[in-house]
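Asks: One letter stands for each residue in the lines below.
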Amino acid sequence: MNGNADDRPSGFGTAQLFSPGADAIYRLVLMTLASCLVALPVLAAGIVRSNYVTGVGIAPSQPLPFSHKHHAGELGIDCRYCHTSVEKEASAGIPPTHTCMTCHSQIWTGSDMLKPVRDSYTEDKPLVWKRLNKLPGYVYFNHSVHVTKGVGCSSCHGDVTSMQMTYRANAFEMQFCLDCHRAPEKNLRPPAEIWNMEWKPPADQASLGPTLAARYHVRGGERLTECGICHR
Amino acid sequence: MTGTPDLPALRARLQGGDGPRFWRSLDAVADSDEFRAYLAVEFPAASRLAAQPGRRGFLKLMAASFALGGLTACGADGRDYEVPYVNEPERIVPGAPLSYASSALFDGFGNGILVTTRNGRPLKVEGNPDHPWSRGGTDVLAQASILGLYDPFRSQAVQHLGRPASWAAFNGAMAAQTAAWRAASGRGVALLTGPVTSPTLAAGLARWREAYPEARWFTNSTRDGLLEGARRAYGRPVETLPDFGRARAIVSLDGDFLDLGPGQVGLSRRWSDARRAALAEGRLLPLYSAAPTPGLTSAKADDAVPVPAGRLEELARAMLAAAGGGAAPAGDDPAGRWAGRAWAALGQARGAGIVTAGLAASPDLHALVHRLNGALGNTGATLHHVAPAAEAGAGSLADLAGAIDRGEVQALIVLGANPVYDAPGALRFAARMERVPLKIHAGLYYDETGAHADWHLPLAHPLESWGDVRSLDGTVGLIQPTVAPFYNGHTPPEVLAFLAGADEGTDALGLLKRRWRREGEDDAAFDGRFAEALRKGFFADGAAPAEAVTLTGVPPTPPAPVPAPAGGIELAFRPDGTLYDGTHADLAWLQELPKPLIKVVWENVVAVSPALAAREGLANGDLVRIEAEGRSLTGPAWILPGQAETTVTLSLGYGRDVPDHLSRGLGYDAGLLRPVDTPWHLAGARLVRTGETRMPATTQHLGALPDDAEGRAIIRRQVVGAAPVGDPTDAAPAPSFYPPPDSQDRWTAAQWGMAIDLDTCTGCNACVTACQAENNIPVVGREEVARGRWLGWIRIDRYYEGDPEAPATHFQPVPCMHCEAAPCELGCPVEATLHDSEGLNLQVYNRCVGTRTCQSYCPYKVRRFNYLDYSGGMPPVTQQQRNPEVSVRARGVMEKCTYCIQRIATARIDSAKDAHAPIPDGTVETACQGACPTRAISFGNVADPQSEVSAAKRDPRNYSLLGHLNTKPRTTYLAGLAPAGREGKRP
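Here the protein sequences line up with chains A and B, keeping their order.
The numbering used here puts the first residue of the first sequence at 1, with every later residue one more than the last.
The numbering used here puts the first residue of the second sequence at 1001, with every later residue one more than the last.
It should be emphasised that the hints constitute simulated quantities derived from the structure, not laboratory data.
For clarity, every value in this text was computed on a predicted model and none was experimentally measured.
Any given hint could turn out to be false.
[Said to hold, decoys possible] Below, a sample of chain A positions facing chain B; criterion: calculated Cβ distance under 7 Å:
#1 Glu-89
#2 Pro-116
#3 Ser-120
#4 Val-128
#5 Trp-129
#6 Val-145
#7 His-217
#8 Gly-221
#9 Arg-223
#10 Thr-225
#11 Glu-226
A virtual CB, placed ideally from N, CA and C, is assigned to each residue, including glycine.
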């Protein structure tokens, strides 16, 4: 800094300290800083919401390329054939190797692609899958109460019957849960549609939803957004 | 006491009415400046932190906190892989709880438990409500046994001369040895065990004796004196079981039926049931207690007096003389007057009285008590006798020492005992053991005895092994594994069968089945019977039949009076209030559990009476040396109201010396001074001040509540038949600044509430440990406790009332009150604590930013703050014990009792799936409620008039703690009962 001008001897002998363009640089820096104040949080917010961070739509490589599209979509195997505890317990359950082998001891028995499954079964070593859907440790989600009260699989997991390799369909952030817990009637389905992966809210959902909510005894949004419903 | 008590001044304060009616310590009575300062800052830890930096420092700290606060949210978010089974085991559903009936071991005796497992991991111990002896209750050791399973200090491998070896190496080494023993008929072989109540182990012992007829068997038992007393009265050892339900008066002469011990769970339940039944009939079942040192039994007594151990027999003799037609006992000292009152109650209740003595009573006192009961007609009416659950026929530890001295022991096998630590110091067992050529030790821990043995063998934990055990009444409980063994341990019957050279298999399940298969029983019949017993956890027909007893011989003659040395003190040795004998001293839950009366953690203290402290100029924490019979130990003095004047109590279980173990270096080893022939008392010891001071960590004043001068006392006492002391139910609601419940809808859900019966709460601490196990509450360590950072969600406040020398004692468990108008909720700047529509005061950890405002707003002081990352440092194996249904709290987060919201959520979800069918009463049981051996805690829906908790709250004894603050607490208390004329009486 120049300090106080009065402290310096006056006169023409003093060299010019700043070039004429110095003000422009100064203003540019100020403007950049100011825009950074805005841009950086926006950028940061964008990054944390990006699929790169949330993992939405990204199918990680798995020990073997299991296709939900083939099994659940084309062959039409029910979700509950493998995810056996989804109607009874908090966890839907990941099928044991035994479940795969109920069919694959009969069909595609020589397939290279299925070698990890056969090895797992013969060597009694579990398959280790990459985990797709995660919730923080302080969130307690219960599958059974959702599927028995009219929330279908695809509302959270997307249409897995269209996924060749399975990926995360939604970032399970608090906002995602709250959208539904605030107004559950928007996403409630009739019991027959729970396992339908292609279900979309019908045109009359606005009238159907509240009817279903009453039929399922779904409590109102005020109750469902209480902290203790998910956090304990 | 931060200073030496000035007894006359304290008495004057109490009698003059200046002092508090209920007080926790003599500091509180003295109302010292230190104590006022403690009260004023509520949580001393917080004030110390804030008082240090000035304004600028404070602002800097706050700025740094704000800047860095967000960073704590960064970090990995859990595992990112899924591992399904290869073959899913039958009945195991990932995440779903699965319970097994089993038995918890207490010093060789059993209590029925249910072990809850999830994902194949045992997580929590509950009482087995069908078990004939324990009836659904548990004690602290059973609750903490789950931590014992995951204890990283457990022995994990065979050791030979202190080096890791293997079972194969041991088997190889033993092959020649057992052949040699067999050739010599077992001469020179000695087996030392704890009390053997397991029928399978007893059968193994029989086979061992067949194999080695000349081998000798010794036990290290704490109950010898009790059985010897019965032998002196009846000619044979029998166990005495009181039937409180038929009793009209109970007199305890150093009795311990409510104290931590193998009988605690079953006897507490029977006593509390009888006490409730008596109240329902409009009377009090009075309990009179005389004891040298206060325990839970004397604390619950309606009329307690401190009497030195040496005088108890004199009181019993006086009563026995009166029962035989002599003069009623009388005296002009407190003990004499007490004996007069106790005798009056007993005399009126002939045939319906109970006189009881405890573990620490001398055999002669037991014999006198048996005779007194016989003379009063109580024997057979209110007292039943059964064969002792433990096998008889073993020699004592002193016998073993003698045999070693005579060179009769060439090989010593120690099976599940630790004599090097717990043998009386006079035996010098470690030195004696060195003289035995071959020493084999099998134990759950590589302990002091293991270190002195040639071979150490790891035993399996009861939660991972097969076995059986008898309860005090003879009921046979089964032990079944709830998880595959962690380490390479075997069970005691397996080790014994191997050493006996069994050729027909030595696996625990095989031995168990072999013991229980009846002669000629076919497979199907046996399998059905065995499976049913496994399902229930016990054999239905196991209890021992009552035996008729007749008094034989003559009453023991009084010993010649020995003149007491001037200034001498009497030592009382007692099992520790939380550790018992120290076998489980490595369990941090038990170390950090405040002793029921002393309220000290992480060490034992030298308990002295206020009078002795005044005479010797002692204050709490003054290190004193206790000298007796040429040996001495040093420990911190602790002033214990209700202690007999010249009795000094030393508690067992501390002073452990196993390298690297948690328990090492904590407290002093009282066993050093224990005499051999009278293991519980020693007359003629000396107490010497060392001049040094080291203050033990205590929770005595944690959450101190102001004693209300206007008579709205923290503790209320109800005289049977007198006007109710509870809150009136018809009073108009007081005006409140809080909004009323916002809509009717708010009350359609279940409304959770709790009622705690202070009359049947014995202060046993089972609820505290159960809460710790259920809710992932970490231990914080001694230094943190000393800073006031004890983390338990339910604390048991212990209050005294009356004269410091012989006060009445009251316990009050204090969990979160779940106030309907909760002050804490107003304070939180981020709404991390708020109400839900079921009346729960929620604590949302992920919202909490740790301002601790709620803590300072809470009038009950039940909120706990994570000053440090207490959970993160736990060993990985111990982290396996955590309940996956409950969040593990991070540093900087407030926590408190949630009414076990995870259990409520489970019931709520089940009901939601069932069209919101009302949750049946009793479905949700909180951890504290489930653990309580006396069912003192009731919990449920207060909006349902039919529920148990609603019935409890309709009791005229029901009152709210600090109810005048208008917080409308959901947790309320039922006033304890008081005998007529003693309520509210100042000393």
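Asks: Identify every previously stated hint that the structure contradicts and give their numbers, smallest first.
Replies: 2, 8, 10
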